[in-house]
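K.L.:
Make the complex out of the two chains shown on their own, each in a separate frame, by following the hints.
These protein sequence lines map, in sequence, to chains Z and P. Per our numbering, the first sequence starts with residue 1, numbered consecutively. Per our numbering, the second sequence starts with residue 267, numbered consecutively.
It is possible that part of the hints are untrue.
Subject to a maximum C-alpha distance of 27 Å in a straight line, what follows is the list of computed DSS-like cross-link-like pairs (lysine-lysine) [what the hints assert, rightly or not]:
(1) Z:206 x P:612
(2) Z:206 x Z:41
(3) P:464 x Z:115
(4) Z:115 x P:399
Residues on chain Z that point at chain P, a partial pick, calculated with CB under 7 Å [unchecked claim]:
(5) 44
(6) 47
(7) 80
(8) 82
(9) 84
Incomplete in silico selection of chain P near chain Z, CB under 8 Å [said to hold, decoys possible]:
(10) 592
(11) 632
(12) 636
(13) 638
(14) 639
Hints were generated in silico from the structure; no laboratory data involved. Using N, Cα and C, we set each Cβ at its ideal position, and we do this for glycine too.
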Amino acid sequence: MDNRNLFAGIDVGSMTTKCVIIDSENILASTVIYTDAEPKKAGVAILDSVLGMIGANREDISYAVGTGYGRISLDFFDHTATEITCHATGVRHINPGVEGIIDIGGQDSKAIKLKPDGTIMDFILNDRCAAGTGRFLEVMARTLRLNIEEFSALYEKSINPCPVNSTCIVFAESEVISLVAQGNTKTDIAAGLHQSIARRVGNMAKRLGIAQNTAFVGGVSKNAGMRKALEDYLGIVFVSLSVDPQITGALGAAVMARGRYDKQRQ
Amino acid sequence: MDALLKLDTHLENRHAQLKALKDHGRKIIGFTAGGYFPEELALACDAEAICFIEAGNNTALMNAGGYTCRWFDPFWRSQIAYLTSGKDPYYNIADLIVVPVTDNHVRNFSNVLGYFTPEKESFVFGVPHVKDKIALDYYLKGITRLRNRLEEFTGKEITDARLKQSIDLCNRERELFRQISLLRKSGEYFIQGRDFIKLNHGSYLADKEFMIDILEMYLREIKETACHPKGGPSLLLTGSTLAHGDSKVMDIIEECGGNTVVEEFAECIRPYHETVDTEGNLMKNLAESYFMKRVCPGWFRPGTERLNLLIKLAKEYNVDGLIWYQLMFRESYKVESFFFPQMLKKEAGIPMFVVESEYDAMEAGPMRTRIETFIETIKR
Chain Z
1 MDNRNLFAGI
11 DVGSMTTKCV
21 IIDSENILAS
31 TVIYTDAEPK
41 KAGVAILDSV
51 LGMIGANRED
61 ISYAVGTGYG
71 RISLDFFDHT
81 ATEITCHATG
91 VRHINPGVEG
101 IIDIGGQDSK
111 AIKLKPDGTI
121 MDFILNDRCA
131 AGTGRFLEVM
141 ARTLRLNIEE
151 FSALYEKSIN
161 PCPVNSTCIV
171 FAESEVISLV
181 AQGNTKTDIA
191 AGLHQSIARR
201 VGNMAKRLGI
211 AQNTAFVGGV
221 SKNAGMRKAL
231 EDYLGIVFVS
241 LSVDPQITGA
251 LGAAVMARGR
261 YDKQRQ
Chain P
267 MDALLKLDTH
277 LENRHAQLKA
287 LKDHGRKIIG
297 FTAGGYFPEE
307 LALACDAEAI
317 CFIEAGNNTA
327 LMNAGGYTCR
337 WFDPFWRSQI
347 AYLTSGKDPY
357 YNIADLIVVP
367 VTDNHVRNFS
377 NVLGYFTPEK
387 ESFVFGVPHV
397 KDKIALDYYL
407 KGITRLRNRL
417 EEFTGKEITD
427 ARLKQSIDLC
437 NRERELFRQI
447 SLLRKSGEYF
457 IQGRDFIKLN
467 HGSYLADKEF
477 MIDILEMYLR
487 EIKETACHPK
497 GGPSLLLTGS
507 TLAHGDSKVM
517 DIIEECGGNT
527 VVEEFAECIR
537 PYHETVDTEG
547 NLMKNLAESY
557 FMKRVCPGWF
567 RPGTERLNLL
577 IKLAKEYNVD
587 GLIWYQLMFR
597 ESYKVESFFF
607 PQMLKKEAGI
617 PMFVVESEYD
627 AMEAGPMRTR
637 IETFIETIKR
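Isolated chain P (complex conformation) (with noise of 0.2 Å):
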């Protein structure tokens, strides 16, 4: 695909041309991962927003030991082994980094971020886990003190005007996310599951324009392709965080012959299936998207929202079997991963199947087994 090879280029480039940029005074907007920033409000007072979504490399897991205990979520601890590094080039570039507090494992990292790395400039906020009014208000309060202090640190207006240009790039971006998954769902055309995730992760360190250019091109290029889909069993694959460089689950499912044709992740999956208002007030609708109608996360209470959906796209994707990617000490997730086969098997009438990791390299050989057995059963 030309899409991806000019995804590729951009990516290999897109710090240098960061730098470019931050030379001639852009500011480069950090943000950690999750989906409770709005990139609007970065590209609406005329600054680059990147997301931080490197992780999978057991060495550099091993180096955030300095920082924190070893209970943690491995890809939490690998955002604190980068950021203190001195070495990542995002962490390093990134002029102010926002981290909205999802749970434990982030407030770690803000932790971290603020007594280590006291020189990095930084705006923590806070993502209640209930949805009703009063979490509504405190996120909207949350992301309009953000609104002021993206101001106040790039000394541009968000103007309404701004904001409704900005939306409208992201929603753009969203929409076209959702056509090409819809494409994988109608069964007609074949879409590798890496190579969506490959769109996904690009997304969040590309420059908007040019990603909205990149979707359209793939899109445009996987419809003109006569493509039957492939066999082999359909697989849901969920879980807290699917990090980019993190690759060891994907590629063992599609070795083995299972085809990825759905994605639900909490963090490093971009929420593609709602877009914001652009009529009325702009800051509401960002926090009604954002928020309220974006599908929780698994620590949000009661967690059946993402359940419930976990069961619509197995159902409306057709799909043979259910990967749920546990990483270790996430424990929102651990203790859904227990119950839920059986809330699966009785809706959708298929097959869950839980495989954990620490980003550790030993784990492939055991992993592969268990996918490998697990796709055995599910074949048709």
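The shape of chain Z in the complex, shown without the other chains (with noise of 0.2 Å):
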């Protein structure tokens, strides 16, 4: 029997998994899962749960692309490419008229500005340590005794968000323990807190000239806290999304490998 002729991308992120399968046309299903330190069996467990989701297996797959820094423990992908390529990809796909990308995940955080044709005209990652990260917010909620959903709320509805200066993940922890132990609400301290992640990763897009038509991708990207904090640092709206915006940089992956399939056969 011919094989159902699909398309897989696996974006095997330090935190969470991602999976798009596609077909020549559409997007048919999609899911993330936690990495859980161990990248080669979460990238084989989610391109198994998502072809459950469509009752398609394996030989179904006529090309598939690995991306994110779990991208090289895996042995069944055609391809690999960075994630920075494939969110590009994925995003454009989505809408092609957006000029940059910022992407905030769990252990780093990318702006990317394109190029009208949608390849990458230049790109900055953060520093080498986990401030402007998700792993950053996780901690910082931990400490204030709250769940993510719960810190992104405070965002919004804090009137005089507390100054945080340290961009360290160890000394911010130390500074916010500070901040409680001054009396300082925890709706203050978690409103500082986004307000400095959003000026660290909000200055690399400035330094890329990052402004419209930007897209906010990423696992961060679905903390409203986090999004309406570097909007009101950059002066502009997001533009939206029709899909998850965790899973670009798999779609992009599905994109691409749909896309070398093509030449191949051509």
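P.N.:
Structure follows, in structure tokens:
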């Protein structure tokens, strides 16, 4: 029996693994799971899980592209690409008018400027530490004894955010404890932390000259407080995407898989 | 390449060779990286000169924590770690350690050298940060004091004849490096970036005459080998320091399909563009070449000379991009890395990309993503 001519994109990130399956026209299925420090296991599990959602199996995959830090752990990819290229491909597939991308993931943050043809003009990744990442937000929320949703919701409730100066995750944790001891509310501290990350990531976007027509992607983009804090800092409104912004890297990988397959067949 | 294999074998045996020479009364002069120690002075008093260029090992780096704070350049913290470990073969074998102090990181090393290892004989002299007559005189006085110390230390007078002979030897080495590099510029020969670096690093430890033989042999081999240039983007690699043992960035560049065709580093890569004049006052000629003619490192004021050189090299070697290899806490380079991309884009029309390192194993993944994406964006 002929296979179903499907294309898979798998983004094996430091915190979560994302998978998208497409055919010649549409997105058929996607999901997100925790990587749990086992990138290989996560990559295999998510592919089988997503294939199961549409009643397909591995033989139905004509071409698979891997991306993310864990891409080198898996041996079934036909091709691998960096997550920067994949996010650019995925976002432009959804919205061809996008000129800039801000991606905040579990381990890093990036600003990407695109050329009119959708290829990368320039990009910046955060420095070699956890500041400005999903990990930073998680640790800060935990320090305030909040879950990430509660923490995120506090940004817009504060009328007097506490300035948080430390950008190092370890020093910032100490600073938060000091702010609590000084009697500041969790609301104002949480808002200050959101502003601190918005400044740090927003400055990368400013250095690239990213402004209008910018998409915010990655796991942290689902954090409404962080999204608003970045919009406030940059003075823009992010373009809306019709897919889960956490899967744009995997989607880009799937689109790339389809493109490479078609090219091979020509 | 047989030349590279021969160099490997020589370096494997070099420490034992130095020990044998030392046992027969030859003095071993160790000097810190930076290119401001005229090796000719050591050779002219029949001593062996070796440069401390090893770094890149994070565990060794951590051991420096007992002697200095963390917020210093990892290369110089590595030197502190090797110096104080008592286990580094080259620091151990050196009879005299010469430290031309070029910036605060090197000064930190010289302080540790004097305070924590007073049993080590050392000679420290300053290198100014501007190029003018007063600074040149200051540097000349520094190397003149060094000459006197070397004569006293080795018991050998540095005559003009001996000094000229040493300058000729070192000029030959510089000229061979220049010729090899120019082959890369022509684009007709393929010389892997890592091979050129290997030769350069080797020259800091090898016997000088042996090294010249190796370079001549390498040059012959390259010319005789019919080899088409490798595809993939050509890169200019620059930064403050590219140590022996710090191959991460070079490895990633090559694994991602890039090829380094020219390098510019202040430390651990030998300046080879200028030779030393052998007519007239030889000490003045050394100062002129080592201080005035040599393109200055990033901490000089103004820094435009080096930045202009980078633009010139980018054009002459027809590179597709520049990778700026930034060691953490080397602030003079960090400052330039913020505004130089615009200059480079405007003057040479090519992009620049900054990668940072603290010799940390965990940085390899993110570094690969960055370099891979940069190379993807500049593919012709």
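K.L.:
Check each numbered hint against the structure and report the violated ones by number, ascending.
P.N.:
Structure breaks hints 2, 3, 4, 5, 6, 7 and 10.
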